[in-house]
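For reference, the chains in residue letters:
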Amino acid sequence: MAAPLALLLIVAVTIRAALFRTSLANLISERVEVVSPLNAWKRVVEGLALLDLDISPYSGDVFHETPMVIYLFHFLMDYAEITFMLADCLTAVALYLAVKDYNKQVFRKQKFALEADRIPMDCLELIRSPTEMYYIPLKVAMFYLLNPFTIVSCVAKCTCGCLIYGSALLSAIFLALATYQSIYPLTLCVPALLYLLQRLYIPVNVRRSSFWFYTLQYLFMFLGSLLVLICLSFFLLGSWDFLPAVYGFILSVPDLTPNIGLFWYFFAEMFDHFRLFFLCVFQINVFFYTLPLSIKLKEHPVFLIFMQIALIAIFKSYPTVGDLSLYMAFLPVWNHLYRFLRNIFLVSCVLLACSALFPVLWHLWIYAGSANSNFYYAITLLFSVAQILLVSDYFYAFLRREHHLTNGLYLKKKDGSEATLVLK
Amino acid sequence: MAARRCLGLWFFLITLCVVSTGADVLHTTPVTGTESSAAGTETVVARELPEAPSDPGEHTAAEPTREGEQNDRTRGGEQTLGQPTREEEQEQEKTREGEQTPAQPTREEEEEEEEQEQTRGEEEFTREEEEEELTREEEELTTEEEELTREEEEQTREEEELTTEEEELTTEEEELTREEEEQTREEEEEQQTTAQQEEQTKRWEATELEEEHVHDAAVPPLAGDPPAADPPSPPPSKDDFQEELVIRPLHSGDIYASFQFRTVWDADFMGDQKVSHYRLFPKSLGQVITKFSVRELHISFTQGYWRTMQWGQPYLPSPPGAELWVWFQDTVTDVDGTWKELTNVLSGIFCASLNFIDSTNTVQPSASFKPLGIGNVTDHSFLRYATLPREIVCTENLTPWKKLLPCGSKAGLSVLLKSEKLFHSTFHSQAVHVRPVCQDPQCRTTSMELRQTLNVVFDLHTSGQGKREWSLFKMFSRTLTEACPLASSSKVYVDVTDNPQGEQFELSPATPLLTQAVVLGDRRTYSVYDLTQQASFGSSRSLNMLLRWKAADGEMLRPLLHSERYVAGYGLQAGEIHTLIYNHHPYRAFPVLLLSAVPWYLRLYIHTLTVSSKGKDNRPSYIHYQPSKDRERPHLLEMLLQLPPNSVTEVTVEFERALLKWTEYTPDPNHGFYVGSSVISALVPSVVAMDTNSTLDRPLFSSFFPCKEEASYFMRVYTEPLLVNLPTPDFSMPYNVICLTCTVVAVGYGSLYNLLTRTFQVDEPSPGLAKRIANVIRRFRGVPLL
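Respectively, the protein sequence lines represent chains A and B. Residue numbers 1 to 424, in our numbering, belong to the letters of the first sequence in order. Residue numbers 1 to 786, in our numbering, belong to the letters of the second sequence in order.
Misleading hints may appear alongside valid ones.
[Claimed, not checked] Mimicking DSSO-like on lysine-lysine, the simulated pairs with C-alpha atoms at most 30 Å apart in a straight line are:
{"no.": "1", "chain 1": "A", "residue 1": "Lys296", "chain 2": "A", "residue 2": "Lys413"}
{"no.": "2", "chain 1": "B", "residue 1": "Lys771", "chain 2": "A", "residue 2": "Lys412"}
{"no.": "3", "chain 1": "B", "residue 1": "Lys238", "chain 2": "A", "residue 2": "Lys42"}
{"no.": "4", "chain 1": "B", "residue 1": "Lys402", "chain 2": "A", "residue 2": "Lys414"}
{"no.": "5", "chain 1": "A", "residue 1": "Lys42", "chain 2": "B", "residue 2": "Lys402"}
{"no.": "6", "chain 1": "B", "residue 1": "Lys402", "chain 2": "B", "residue 2": "Lys474"}
{"no.": "7", "chain 1": "A", "residue 1": "Lys42", "chain 2": "B", "residue 2": "Lys421"}
{"no.": "8", "chain 1": "B", "residue 1": "Lys771", "chain 2": "A", "residue 2": "Lys424"}
{"no.": "9", "chain 1": "A", "residue 1": "Lys413", "chain 2": "B", "residue 2": "Lys771"}
{"no.": "10", "chain 1": "A", "residue 1": "Lys139", "chain 2": "A", "residue 2": "Lys296"}
{"no.": "11", "chain 1": "B", "residue 1": "Lys474", "chain 2": "B", "residue 2": "Lys421"}
{"no.": "12", "chain 1": "B", "residue 1": "Lys614", "chain 2": "A", "residue 2": "Lys42"}
{"no.": "13", "chain 1": "B", "residue 1": "Lys403", "chain 2": "B", "residue 2": "Lys238"}
{"no.": "14", "chain 1": "B", "residue 1": "Lys238", "chain 2": "B", "residue 2": "Lys283"}
{"no.": "15", "chain 1": "B", "residue 1": "Lys238", "chain 2": "B", "residue 2": "Lys421"}
{"no.": "16", "chain 1": "A", "residue 1": "Lys100", "chain 2": "A", "residue 2": "Lys42"}
{"no.": "17", "chain 1": "A", "residue 1": "Lys109", "chain 2": "A", "residue 2": "Lys298"}
{"no.": "18", "chain 1": "B", "residue 1": "Lys340", "chain 2": "B", "residue 2": "Lys421"}
{"no.": "19", "chain 1": "B", "residue 1": "Lys340", "chain 2": "B", "residue 2": "Lys410"}
{"no.": "20", "chain 1": "A", "residue 1": "Lys412", "chain 2": "A", "residue 2": "Lys296"}
{"no.": "21", "chain 1": "B", "residue 1": "Lys283", "chain 2": "B", "residue 2": "Lys340"}
{"no.": "22", "chain 1": "B", "residue 1": "Lys421", "chain 2": "B", "residue 2": "Lys403"}
{"no.": "23", "chain 1": "B", "residue 1": "Lys616", "chain 2": "B", "residue 2": "Lys410"}
{"no.": "24", "chain 1": "B", "residue 1": "Lys283", "chain 2": "B", "residue 2": "Lys474"}
Keep in mind that the hints were calculated from the coordinates and are not lab data.
Work out the full structure, taking the sequences as your base and the hints as a guide.
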């Protein structure tokens, strides 16, 4: 398994290095779909230039990265390309290992269920075989590394966060890091906790003290590392300026530069006196699904992670295709749901068409002047709808498979005829 | 490296301070209000004493009157002019003319007597004069009967104070005069006395003239015609008004006319005592200055762009649109709040949209705008600078501006300011500058100086039906008939430097008076028409200068410094601002300060800033950059550049265009957004030695920017404003966008809600309506259901 992964990494690095050398790199780094005001490399360079001029990077409204990033790149400025490639490779390897670990768990669980005869006989075709699961981690890594979206993000030197799940402390630290980068990964705290609880065979039971103990321990680690990070940035910078400049900027959406999300045009066209209300509604919307999803999917934390990442990518204030690529990397893990997906063909067609139309309509609006903002807006809307359909389709398929695993695949009506399954 | 940069910056700042502030540390040559106010005033004594030009070979601007010139001639013509022979001829002509005027000899005699009397017993005259003035003021006050008694009391109190001050002054003067009498009559020393006497005489004349004007308006007042009965020994001049018009024929065939009106008031606005009695100084401005504790105020309204390459340098530069910069006194605690109020008040005074100045277009330049008056203020937190490049200037701004003049538009040069002609021009700029200046050479007390300037460029070459000629009447549809009776000096200058032998153009009526002034690093010769002299108007009792071009347009000397600015790039996403600064000096490099304030919606990337001259990187030795805050403050970029000789320096910086909220766009969003002019402040090496000695009699147009160095002069160049298009949302569909986006969010919410709250169940189709009714009937009948 190590050899194909190494080969994959080499291919991925080659593609990225080749793209960095071409003039496409500049073009890509200007694309609004790829970079957002939060993570544009140009703005990081600007922040560094401001630091060189002895001006706080947060005194202006150009730089919105966290202080850690700017001090990191302060030292790694000359190795930025390598850093980004390395970050991509590390994320891919981490995903690879995490999925491998998850597969092992799934397999073990399935074996227990089979031995306990809990799975109905007609559901055997739903059982996952080791051979088909063997390549999933590699596919995940491949999906991540060779996804054009990831590649362009890397070439554009987007600074998206990555997640690793290993030990509890490590996961807490990385989660804190991700949260520190952009506050949305806060919602991933719950699935991470569930995942770790599951690994330790601690049942999610509010009456058990071990559950509370572990939860508090994890929360303490998470909040502690978050606090350490923020205090560290305070000491690096010497002021709290970065808090409104980074988190205030994410939450209040003052920059209406077009992107693939829903916020920019909505708030450009919003009436001033409703702005705050809708801002609250839209931001709460991102965090809103965490609790019900955790309750519904408490046995399946990895799927919960997937759902959370996807919802963040759709509903966050400054989404980029890099966010998209992260949750799309998980799609191979849900290969077995394919038979229950209802409109995957339509959705993938729409996503592909939109990806092609983004640059076209952008050009028509901004450069040719023959279209207006509505054209681009329409595509972003369609893109969002397609993503929502994709996510809800996977969610539906996942729930349906779980239902079949308990109730049998071929359901019969009372009168013996073939039954159709509906949500009620 | 850093140390060197610091040092360079320090030097430049010092030079700038020295240049732009009125008084330097030594107080050797401060800008003095009284000195300048005495400049050019035709007084009795002045005619007796020969002019004393500080700079040999330079004719002073306050041209001698006939008597003075006669004296000069008898003394051997010490005034050196460019063409001595010609001048003598002119003087001879003048003498002949002068002989025709019968009053002349007697006047001279009287004046001599007056002077002697003055030196003997000025005290008496002072008292007499005070009484006179008091009575005059009381007469005026009789109309307002209610306030009469109170104000009289106040005035008497004031006058008493004045008298004591006056006595002190007079004793000093007496001493001085005695000393001088003992000494040989050396010109410079005499001039001191002259200056002091002039002050008093002038004050006295002004009051007298006012009365004359009131009683008999038909008789044009003559400043040089003092009533013999009242020897002048007035109280110290409280305020003084001068007016001036400079006409410069431009090589392009256009005509540049520059009006300057200067009011100097020896009132202390900075102090605690309230200033409540206004005479020449406009009360509306005075109150604003007092209320908002303004140290300096500079405001300009400009329509059109000054084409430096075609027209050369203007006397007073200004950017297109409105420009306002204010130094507040250091007693102001809430500078931003005061600034906001001040802009609103000024907006009302000048009928302009200055109320649109807010924090998003206000900057605090760190080095480019030093105070022009006295006071070495370095804390730029009391400075606010804002431009409104889109401001349209028209009649409604001109009318309130004219109302600030003591004579309004009734008399003097301001009769020419008729809006129908002024705005039929290629360039129009009007400005108000208020600053504190020194009252005396020692700078013990300060006066407030108000300069109102108006610059017009008439495009006569194209609108003059092919004939290259102009006259006052053609330009302004008016002619001059009198000076403003309140003015101590009222002159018209015509720049004849390029026309020494009369080969370029012909100017009529010819004037014998020539003066030279060092303006913008060049020695220029001017024909002078003194409106306070009846003879200037000739027999027709009106002055209508006529200038006829003879030769085709000649080569103009290229201005040493000029600049261009433009936006490069295409599309509505990003762009690049290019600023080109030309140094045309063949061998001298000089430093310039470049200031650009860019609105926040063009996001500048300072790391893309490149400065290059002659293909090489030219690192600015000082950069002050303040990044913008969205909807709060603009970008401010100031840098100190060294321009190599004979070079073009290109400054480029990239920017990104922001998408605004739909309510933040102007009503015509596709017209684009204006970016105010960049300001280039420079110390340009001068061709001739600059006049660092602020002599008594420099013309107003040459004395605005104080000059402290002979080798260079201060200059300000404004670049073009930019017009930048921004991406626009569709303004017609806010409801649609809100509905559609909310729908998408609802789709997401709905599908997840659906999946979260419902469970899978086997679909048991409910029976149809007919079947259900049938079943109900069957139940009644006791038959098995369907």
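Hint by hint, here is what the structure shows:
1. This hinted pair checks out: Lys296 of chain A and Lys413 of chain A have alpha carbons roughly 27 Å apart, not beyond 30 Å.
2. This hinted pair checks out: Lys771 of chain B and Lys412 of chain A have alpha carbons roughly 23 Å apart, not beyond 30 Å.
3. At roughly 61 Å between alpha-carbon atoms, Lys238 of chain B and Lys42 of chain A are farther apart than 30 Å, so this suggested pair is violated.
4. Restraint check: the Cα-Cα separation between Lys402 of chain B and Lys414 of chain A comes to about 99 Å, which exceeds 30 Å; the hinted pair is violated.
5. Of the pairs offered as hints, the one joining Lys42 of chain A and Lys402 of chain B is violated, with about 52 Å between alpha carbons and a cut-off of 30 Å exceeded.
6. Only pairs whose Cα atoms come within 30 Å are accepted, and Lys402 of chain B paired with Lys474 of chain B is accepted, the gap being roughly 21 Å.
7. For the hint pairing Lys42 of chain A with Lys421 of chain B, the CA-to-CA distance comes to about 52 Å; that exceeds 30 Å, so the pair is violated.
8. Under the criterion of a C-alpha separation no larger than 30 Å, the hint pairing Lys771 of chain B with Lys424 of chain A is consistent with the structure, at around 23 Å.
9. Between the alpha carbons of Lys413 of chain A and Lys771 of chain B the distance comes to roughly 19 Å, so the proposed pair stays at or under 30 Å and holds.
10. With a C-alpha separation of about 27 Å, the suggested pair Lys139 of chain A and Lys296 of chain A falls inside the 30 Å cut-off, and the hint holds.
11. Restraint check: the Cα-Cα separation between Lys474 of chain B and Lys421 of chain B comes to about 9 Å, which is no more than 30 Å; the hinted pair holds.
12. In summary, the hint linking Lys614 of chain B to Lys42 of chain A is supported, as the alpha carbons are separated by about 28 Å, within the 30 Å threshold.
13. Straight-line distance between C-alpha atoms of Lys403 of chain B and Lys238 of chain B comes to about 21 Å, which keeps the hinted pair within the 30 Å bound.
14. Between Lys238 of chain B and Lys283 of chain B the alpha-carbon distance is near 15 Å, which keeps this suggested pair within the 30 Å criterion.
15. Distance hint between Lys238 of chain B and Lys421 of chain B is unfulfilled; the C-alpha atoms sit about 35 Å from each other, more than 30 Å.
16. Of the supplied pair hints, the one linking Lys100 of chain A and Lys42 of chain A is violated, its CA atoms being roughly 36 Å apart against a limit of 30 Å.
17. A distance of roughly 15 Å separates the Cα atoms of Lys109 of chain A and Lys298 of chain A; the hinted pair therefore holds under the 30 Å criterion.
18. Annotation: proposed proximity of Lys340 of chain B to Lys421 of chain B is violated, straight-line Cα distance about 34 Å (limit 30 Å).
19. Between the alpha carbons of Lys340 of chain B and Lys410 of chain B the distance comes to roughly 34 Å, so the proposed pair goes past 30 Å and is violated.
20. Annotation: proposed proximity of Lys412 of chain A to Lys296 of chain A holds, straight-line Cα distance about 26 Å (limit 30 Å).
21. Straight-line distance between C-alpha atoms of Lys283 of chain B and Lys340 of chain B comes to about 21 Å, which keeps the hinted pair within the 30 Å bound.
22. Under the criterion of a C-alpha separation no larger than 30 Å, the hint pairing Lys421 of chain B with Lys403 of chain B is consistent with the structure, at around 18 Å.
23. Proposed proximity of Lys616 of chain B and Lys410 of chain B is contradicted: the alpha carbons are some 58 Å apart, above 30 Å.
24. The hinted pair formed by Lys283 of chain B and Lys474 of chain B fails the criterion: a straight-line CA distance of about 34 Å is larger than 30 Å.
The earlier numbered hints that this structure contradicts are 3, 4, 5, 7, 15, 16, 18, 19, 23 and 24.
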